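> Sequence:
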Amino acid sequence: MPRVLVVTNDFPPTVGGIQSYVRDFLATLPPEEVVVFASTQDSPAAAAWDRQAPYRVIRWPHRIMLPTPGVAAEMRRLIRHEQIEVVWFAAAAPLAVLASAAKRAGATRVVASTHGHEVGWSMLPGARQVLRLIGSQCDAVTYISKYTLRRFRRAFGRHTNFVYLPSGVDAAAFRRPVPATLDPAELTVTCISRLVPRKGQDSLLAVWSQLQAKHPTARLVIVGEGPYESKLQKQAEGLNNVCFTGRVSDAERLRWLHASDIFAMPARTRGGGLDVEGLGIVYLEAQAAGIPVIAGDSGGAPETVTAESGIVVPGRDRQALENALDALLSDVQLRTRMGAAGRAHVLQHWTWEHKGADFAQVLGMT
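Position 142 (the sequence shown) corresponds to 142 in UniProt numbering; numbering is contiguous.
Derived from the structure by calculation, the hints contain no laboratory data. A quick note: this is a predicted structure, and the numbers were derived from the prediction, not measured. All C-beta atoms, glycine included, are put in the ideal place defined by N, C-alpha and C. Just so you know, not all the hints are guaranteed correct.
[To be verified] Pairwise CB distance ranges, derived in the manner of DEER restraints:
no.: 1; residue 1: Thr68; residue 2: His354; range: 34 to 42 angstroms
no.: 2; residue 1: Ile58; residue 2: Ser100; range: 18 to 26 angstroms
no.: 3; residue 1: Arg154; residue 2: Glu353; range: 32 to 40 angstroms
no.: 4; residue 1: Gln348; residue 2: Pro314; range: 26 to 34 angstroms
no.: 5; residue 1: Glu32; residue 2: Arg247; range: 32 to 40 angstroms
no.: 6; residue 1: Asp170; residue 2: Pro314; range: 25 to 33 angstroms
no.: 7; residue 1: Ala357; residue 2: Arg316; range: 36 to 44 angstroms
Produce the entire structure from the sequences given, and follow the hints as far as they go.
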């Protein structure tokens with residue numbers, strides 16, 4: 001089986017969507033065949049994480065790696081010393097411009113993964129040239145949603161070999177235990193996300209007073225932290241049954257999800273298309289837990305939800321959001337039906353068994 005070198009700025013113990021994507025896909029590979037070359041955000045935390053990692057991790061001693069001669073030299077050394085055949089640039093821009101250098105050092109296959117920020121790159125003349133270079137040098141460029149591909153396909157160039165590779169979901173881990181952990185008389189709407197304007201927590205708060213008039217015992221739980229937190233808390237003043245959890249552990253996050261009757265994240269596109277939801281794995285996690293979903297129509301988010309498992313609303317249409325929440329809060333049979341359909345959807349299309357096989361294929365390991 002070919003040995004794989006992962007070159008990335010986005011790697012645990014730092015937290016984020018790309019970091020989780022990389023960690024979870026690597027978990028599908030034989031660890032003895034994996035070597036990671038990553039930047040160092042926090043030296044003590046990185047050292048602790050690396051000690052327990054099942055594969056070898058080599059750290060570049062700086063917070064960020066750029067495609068500099070020094071980074072290229074260390075990458076080439078690792079390819080030769082570790083007898084690497086496949087190089088995976090876990091976030092294509094900008095490090096994947098080193099694809100040709102990787103091949104000159106002995107790699108036989110180079111793969112680069114896109115996530116969403118490449119949409120912004122594709123709108124800037126200089127950055128478009130970087131994407132085109134990456135597309136011409138890599139054997140495969142993966143994408144996480146049809147939306148992101150549509151936005152940046154032209155920038156990468158017509159000869160780029162694109163492969164669909166969204167994240168997967170651990171359906172067993174997210175399966176909701178029975179009975180629920182909270183009082184079944186309380187209906188709980190939960191939004192789990194970083195607190196930033198794109199995610200739409202402000203829209204949930206804006207419609208909550210109207211919903212409370214119809215559903216006085218319902219509560220809204222906003223899980224997570226972020227730069228928008230103080231503004232959201234101010235907006236929530238005077239509203240009943242609204243809870244902010246702040247930062248939570250993974251275990252606490254899962255407990256809040258399992259305590260939900262409805263998951264709602266009405267994401268919206270901002271910044272003229274620069275600030276967009278690449279996919280929205282949390283929608284899939286909620287469906288894996290058997291919870292009906294309300295998603296915003298930003299970017300690739302609608303691709304995670306079926307008409308049977310959730311409701312997609314225009315991210316800026318608060319009346320549509322209120323109507324969707326009212327419909328689900330009012331109808332236990334609808335919630336139950338959508339929740340069951342969501343879990344079936346994840347089991348059929350989004351498990352790590354499916355995605356791990358796709359990953360091995362794109363790396364040329366099958």
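> Please write out, lowest number first, the hints stated earlier that are contradicted by the structure.
none
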